[in-house]
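Q: Here the protein sequences line up with chains A and B, keeping their order. For the first sequence, the residue numbers in the working numbering are 727 to 1121. For the second sequence, the residue numbers in the working numbering are 509 to 792.
These are computed hints drawn from the structure, not numbers from a lab. There may be inaccurate statements among the hints.
Below, computed lysine-lysine pairings styled on DSS-like, alpha-carbon distance capped at 30 Å [as the list claims (entries may be wrong)]:
#	chain 1	residue 1	chain 2	residue 2
1	B	K620	A	K1112
2	B	K737	B	K647
3	A	K873	B	K737
4	A	K850	B	K737
5	B	K518	A	K921
6	A	K1028	B	K620
7	B	K575	B	K737
8	B	K647	A	K850
9	A	K850	B	K649
10	A	K850	A	K873
11	B	K620	A	K921
12	A	K858	B	K620
13	A	K858	B	K520
14	A	K858	B	K575
15	A	K873	A	K858
16	B	K619	A	K1112
17	A	K1028	A	K921
18	B	K520	A	K1028
19	B	K649	B	K518
Label-pair distances were calculated between CB atoms; the ranges are [to be verified]:
#	chain 1	residue 1	chain 2	residue 2	range
20	B	Y776	A	F964	38 to 46 Å
21	A	K921	B	I564	26 to 34 Å
22	A	F1026	B	I564	15 to 23 Å
23	A	S1107	B	P681	29 to 37 Å
24	B	D678	A	V957	44 to 52 Å
25	A	M1102	B	K647	26 to 34 Å
26	A	A831	B	I571	45 to 53 Å
27	B	K647	A	Y1110	49 to 57 Å
28	B	I564	A	F897	37 to 45 Å
29	B	G530	A	A831	47 to 55 Å
30	A	N916	B	K647	56 to 64 Å
31	B	L533	A	A949	24 to 32 Å
32	B	L586	A	A1023	49 to 57 Å
33	B	L533	A	I868	47 to 55 Å
Don't be surprised by glycine CBs; every beta carbon is placed ideally from N, CA and C.
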Amino acid sequence: MNILTSIGEVSWFILLVAAGVAALVGYLYSHFKFYSRSWFFPAVLAVFPALALAVFGGLLGGYAFKLWLSFLAAEAAIAVFFRYVVKGRHTVPYLLLAPAFVGLALLLVYPFVFEVYLSFHDLKLTTIMMWKNTGTLPFVGIDQYIKVFTTSPLSETTFWQLLLRTLVWTFSNVFFHVLGGFILALMLNNSIRFKGFYRTLLVIPWAMPQVVAVLAMRGEFHATNGFVNIVITRLLGFFPFLSHLGVAPVQWLTDYPLLTCTLINIWLGIPFMMVVILGGLQSISSSYYDAADIDGASYFQKLRYITLPLVRPVMMPAVTLGTVWTFNNINVIYLVTGQAGGTEQADILVSALYKAAFTYNRYSYSAAFAIVVFAMLFFFSVFYLKSFDAAKDER
Amino acid sequence: MKKELSAAAKRKRLNHLLIHAGIILFAAACVYPLLRIFSVSLRPGDKLVSMDLAIIPAGATFISYTKLLGDTMFLRWLWNSLLITLATSFIGVSLASTAAYAFSRFRFPGKKAGMILLLSSQMIPAGMLILPLFLMIMKLKLMNTYLGMIIAYSVSSLPFSIWILKGYYDTIPRSLEEAALVDGTSQVGAFWRIILPLSTPALSIAFLFNFTTAWNEYLVARVVLFSSKQYTWTLGLFELQGQYITQWGMFAAGSMLVTIPVLCVFLYSSKWLISGLTLGSVKG
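Turn these sequences into a full structure, and let the hints guide you.
A: Below is the structure:
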């Protein structure tokens, strides 16, 4: 393997960003020291591009150089704007923010805008060469959006089926995450032995790399070699009467792919909720419980009237986050069903979107699809945050 | 009176016993899949497909490990992942550290809008940005390169890192910087000499967070990298776990080699990571 070239390829990019940040910090530093000296500012603007040209231009060339220049240009534009238009006020915070926000604008905002552009045009396998060469695409208006609701992103599943499946998937996952997390947190929140040790074991599904965890779990749902079916077979061996009740090994991956994905994702997601809820439980002062004990409250009364209301403020943001994460979870479903010839019985909106783009190469279609999904998520978040704020005001 | 107390103590003991039993059950469910991978990785080649549930299989060998390291490009994949991940984390943390300082110490127009922008950027589904990023990378002719991957990854954890670092900077008393300013350093000098060294723990957490996110990423890598020489380990393992049951042992061995270090790092840093998570969510 060619380690030297790969180091070279990466290290100069690191160098670029490091140099950008160094230039920024250096400029700021001098900006303060030499604020009154009029020669300094133009000199910096002239010297840095010249240095960049000399050092990086010969060394790298190509895109790295363009990237570096655009980064520098953005910094310089901001500096000029604040030096001469705003007259030096707030220059420092804006320059400190600039690298991060230039990055976000290039790699988050621009792609988003580009996606909107794509959704009104027609980019697919047959037009991609044209786009590569000329950069233009046929305009199709809202055709792609109509197609989202009328045709299937995959081979047969329709948008509405996907939507329904997504809602079921999101709700069942979040419900069991919270339920499981709550039960575990309640159990851990006692003064028991080995508490730290238990906690460590319980966060393992979260701590494992998700790819490993999901692929390993997929193996456990394999029809003959998977743990689940082995256990079912052994149980049948011990208790033959169970087979009369309909207990039998199941073709998990082909017959019940969505259920399999859900089970795997529940297993993956419980530890996060447990940790968040445990944090909330530990912050509740024990004096509430002491008072309740004196009043003779039962365990469930304490749970209902003390624990739940006090854990809610910690839990609600985690539940919102969890809902959005689950809604957007491509990983689990793609890793379980994404192989060539894999089923589409388990696909939810986002995984169908990914497959439409990269398995079926329908780029513009999937862009429109993505915008629709985003709009749904956006309205959910706004609505949810509003109701959350309203609940806050009531208290 | 004494009798009553002992009854209560008895009940408490029974309760604790039940709790231990419950937790152990759950913990077993959490750990067992990992042990199963371990067990598969030790199986000799002719017994990969077996209904055996023992953790140390009969005739355990390390042959899967030697085959993985010798016959596949696993080390190369690890190397690719490491380079891409280190570069992204470095960029992510350096960008976040300055931005968070601005949010923590300055008042300026648009501060609140900026914070809201950061938070709401978390609402954009990651899956949605893969397509435009993929097209951008294609247009820049960066397909199948490290640089393409680094660009795609570099800002993904930025909002979260800024959030964590801002929270930490907020806890550092301003009087420290003021003292330095009186002594004649500039604001940036104070940031460089006082704030950054003091916030090493938060910086390392942000670094670890960036690192694990990029290290475990799969979906972007799937579409940007297409030659197995350039694969990251996630792509490589997915390939090994494919239809061929013969490669199961190697998949398991690779999983173990990747999981153990990640697990150690996570468990070591989880205390801070979690406090950062809950802090952010409570405030948000």
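Q: Give a verdict on every hint.
A: Taking the hints in turn, this is what the structure says about them:
Note on K620 (chain B) and K1112 (chain A): the hinted pairing holds, with a Cα-Cα distance of about 18 Å set against a maximum of 30 Å. Proposed proximity of K737 (chain B) and K647 (chain B) is supported: the alpha carbons are some 22 Å apart, at most 30 Å. In summary, the hint linking K873 (chain A) to K737 (chain B) is not supported, as the alpha carbons are separated by about 38 Å, beyond the 30 Å threshold. A hinted pair counts as satisfied when its Cα atoms are at most 30 Å apart, and K850 (chain A) with K737 (chain B) qualifies at roughly 28 Å.
Taking the CA atoms of K518 (chain B) and K921 (chain A), the gap is near 21 Å; set against the 30 Å cutoff, the hint holds. Between K1028 (chain A) and K620 (chain B), the direct Cα distance comes to roughly 39 Å. Violation of the 30 Å bound is thereby established for this hinted pair. For the hint linking K575 (chain B) to K737 (chain B), the alpha-carbon distance of about 17 Å falls within 30 Å, and the restraint holds. Restraint check: the Cα-Cα separation between K647 (chain B) and K850 (chain A) comes to about 15 Å, which is no more than 30 Å; the hinted pair holds.
Taking the CA atoms of K850 (chain A) and K649 (chain B), the gap is near 18 Å; set against the 30 Å cutoff, the hint holds. Of the pairs offered as hints, the one joining K850 (chain A) and K873 (chain A) holds, with about 14 Å between alpha carbons and a cut-off of 30 Å not exceeded. Using a Cα cut-off of 30 Å, the hinted pair K620 (chain B) and K921 (chain A) is violated, with the two alpha carbons roughly 41 Å apart. Of the supplied pair hints, the one linking K858 (chain A) and K620 (chain B) is violated, its CA atoms being roughly 40 Å apart against a limit of 30 Å.
The suggested pairing of K858 (chain A) with K520 (chain B) is violated, with an alpha-carbon distance near 72 Å, which exceeds 30 Å. Between K858 (chain A) and K575 (chain B) the CA atoms are separated by roughly 42 Å; this puts the pair beyond 30 Å, and the hint is violated. This hinted pair checks out: K873 (chain A) and K858 (chain A) have alpha carbons roughly 24 Å apart, not beyond 30 Å. Between the alpha carbons of K619 (chain B) and K1112 (chain A) the distance comes to roughly 22 Å, so the proposed pair stays at or under 30 Å and holds.
For a cut-off of 30 Å, the pair hint linking K1028 (chain A) to K921 (chain A) stands: about 23 Å separates their Cα positions. Of the supplied pair hints, the one linking K520 (chain B) and K1028 (chain A) holds, its CA atoms being roughly 17 Å apart against a limit of 30 Å. For the given pair, K649 (chain B) sits about 72 Å from K518 (chain B) by alpha-carbon distance, which is inconsistent with the 30 Å threshold. Under the hint 38 to 46 Å, the C-beta atoms of Y776 (chain B) and F964 (chain A), about 42 Å apart, fit the expected range.
The hint said 26 to 34 Å for the Cβ distance between K921 (chain A) and I564 (chain B), and at roughly 29 Å that hint holds. Look at F1026 (chain A) against I564 (chain B): about 44 Å separates their beta carbons, and that is not inside 15 to 23 Å. For the pair S1107 (chain A) and P681 (chain B), the beta carbons lie near 36 Å from each other, so the given range of 29 to 37 Å is met. Taking 44 to 52 Å as the suggested C-beta distance range, the pair D678 (chain B) and V957 (chain A) conforms, at roughly 51 Å.
Range check, M1102 (chain A) to K647 (chain B): about 29 Å between beta-carbon atoms, so the 26 to 34 Å window is met. In this structure the hint that A831 (chain A) and I571 (chain B) lie 45 to 53 Å apart at CB holds, the actual value being about 51 Å. Taking 49 to 57 Å as the suggested C-beta distance range, the pair K647 (chain B) and Y1110 (chain A) does not conform, at roughly 37 Å. Evaluation of the 37 to 45 Å hint for I564 (chain B) and F897 (chain A) yields a pass: the beta carbon distance comes to about 41 Å.
For G530 (chain B) paired with A831 (chain A), a C-beta distance near 50 Å keeps the hint of 47 to 55 Å intact. For N916 (chain A) and K647 (chain B), the hinted distance range of 56 to 64 Å is satisfied, since their beta carbons lie about 58 Å from each other. The hinted window of 24 to 32 Å between L533 (chain B) and A949 (chain A) holds, with their beta carbons roughly 26 Å apart. With their beta carbons about 56 Å apart, L586 (chain B) and A1023 (chain A) fall inside the hinted range of 49 to 57 Å.
At about 54 Å, the CB distance of L533 (chain B) to I868 (chain A) agrees with the hint of 47 to 55 Å.
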